[in-house]
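Engineer: Can you build the whole structure from these sequences, using the hints too?
In order, the protein sequences belong to chains A and B. According to full-length UniProt numbering, the residues represented by the first sequence are 1 to 265, in order. According to full-length UniProt numbering, the residues represented by the second sequence are 1 to 248, in order.
Distance condition first, Cα-Cα at most 25 Å in a straight line; then the derived DMTMM-like pairs of lysine to aspartate or glutamate:
| id | chain 1 | residue 1 | chain 2 | residue 2 |
| --- | --- | --- | --- | --- |
| 1 | B | Lys15 | A | Glu150 |
| 2 | B | Lys215 | A | Asp182 |
| 3 | B | Lys185 | A | Asp210 |
| 4 | B | Lys15 | B | Asp69 |
| 5 | A | Lys248 | B | Asp173 |
| 6 | A | Lys248 | B | Glu182 |
| 7 | B | Lys185 | B | Glu167 |
| 8 | B | Lys185 | A | Asp258 |
| 9 | A | Lys248 | B | Asp199 |
| 10 | B | Lys215 | B | Glu7 |
Keep in mind the hints are simulated off the structure, nothing from the lab. Predicted, not measured: the structure shown is a model, and the values here were computed from it.
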Amino acid sequence: MSLLTIENLSIATSQTTLVSGVNLTIAPGERVGLIGESGSGKSLTAMAATGLLAPGITAKGSVILGDTQVIGASERKLNTLRGRVAAFVFQEPLTALDPLMRVDRQIAEPIQRHAPHRLSRDAVHAAVLKLMHDVALPDPERIARAYPHEISGGQRQRIAIAMALACEPQLLIADEPTTALDVTTQAEILALLDRLVRERNMALLFISHDLPVVATIVDRVVVLRHGEIVEAGPIASVFGAPQHDYTKSLVSAAHAFDAALGGTP
Amino acid sequence: MSLLTVEKASFGYSKTRLVLDGASLDISPGDSIGLVGESGSGKTTLLRLLLGLIRPSSGNITFKGAQLDPANAAFMREYRRQVQVVFQDPYSSLDPRQKVFAIVAEPLRSLRIAGDHRQMVTDALVSVGLDANVLDRFPHEFSGGQRQRIAIARAIVSGPSLLLADEAVSALDLSTRIRIVELLKSLSQTMTLVFVSHDLGVVAALCERIVILEKGRIVEAGPTASILANPQHPYTQRLLASVPRMPA
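Structural biologist: Pasting the structure below:
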């Protein structure tokens with residue numbers, strides 16, 4: 001059975017249709033990339049998967065996450081899914097984290113919120129440190145007491161990933177998680193995500209505009225343009241032999257920059 | 001003779017901490033140079049020095065043998081005519097209240113360049129691949145790629161010999177980015193280009209020479225092909241190894 005089943009999803013404001021006719025399924029443990037340029041609807045599709053669309057934007061069709069129909073579900077119901085069935089990592093860790101709250105309290109929040117019973121302070125602290133260790137943060141005792149502005153961008157993104165892992169989700173949704181990072185940091189975060197997804201047997205929905213980045217982390221890719229899927233399939237076939245003209249133009253542009261770099265030294 | 005020479009330029013906001021430390025750079029006419037580095041490497045500081053927006057704390061910058069002196073108004077007027085810039089974000093670098101003609105003609109007005117401005121602006125727009133009928137439209141009517149073309153037209157309208165670009169394609173989508181890189185590449189046939197970027201793939205596609213900066217220092221510089229094939233400095237090696245590649 002699949003973890004996420006999106007059927008004939010349309011997303012619209014009162015005036016404009018933003019996404020239409022999107023079908024997408026993700027099986028447990030599967031890694032899927034969602035690629036497209038600005039305005040293609042990739043983030044909206046991911047937001048709709050957990051019912052996070054802004055007021056005034058409505059979704060139609062069917063989105064089944066776990067065994068729950070997301071469209072039309074109450075916030076109360078959705079809150080039991082968020083974090084547990086699917087958790088988000090966003091693009092910009094500086095805005096995703098609360099600037100006024102120390103890092104340990106931010107990681108503790110999802111742990112406490114979803115705990116079946118009240119946890120002791122020591123138990124929460126131990127769980128926070130365990131998560132920080134899992135995302136390979138150096139010196140977790142020190143960073144735990146830091147505010148977001150006191151740590152580097154890569155460290156912030158590790159914190160955001162630790163928060164997403166807190167409730168052991170079955171599906172991790174990462175929306176451009178490395179776009180705001182330097183290239184050497186990006187390589188570290190991609191390696192971390194790859195390891196965590198493998199070790200915890202999570203499914204991954206990875207959203208990006210960057211084709212080579214997507215190719216390093218997912219097996220299957222869905223190409224969106226103007227809110228519609230133009231092509232989908234395994235990385236090797238979509239990037240190796242694209243069928244749609246739009247995919248062809250993206251792949252050829254990515255290959256042009258890649259070719260300029262020459263062979264790996 | 002070299003066009004622009006940077007000799008051991010340093011810059012710091014405090015005496016104890018330099019954001020650019022002893023950078024030397026020699027730009028000859030016809031060069032296309034990529035300044036590559038990550039956040040905090042000093043690449044934008046170096047560009048701001050080249051623009052005369054800040055002065056080096058120590059070291060020297062000369063343009064065609066004359067000292068770059070931001071306080072010398074007469075020198076700077078000629079310098080601005082010769083050295084123009086394109087910024088990263090075409091959504092914030094174009095005045096939303098002005099029409100395209102006024103935006104592109106701005107350097108002609110402020111540098112008091114004589115001639116038929118309408119014709120000069122039209123020529124600049126045509127050479128960046130825009131239609132002459134865009135003159136009376138506002139920036140918001142254009143896509144990101146078209147806006148960046150307008151910004152490039154503004155930069156070349158005064159006939160500069162050196163074009164500086166600060167992450168000029170980073171805000172653009174992939175299919176747009178490749179077209180703007182192609183445009184800059186064709187412009188670099190007729191003018192000198194200094195292109196600041198964190199994106200090695202773009203720099204490799206566009207520039208003949210690469211300068212690698214790390215934490216305010218130039219760690220490696222040379223022809224693009226040899227740096228990519230045989231990086232010497234450990235940081236350059238790490239940078240190259242980190243770039244995600246397309247599957248074969």
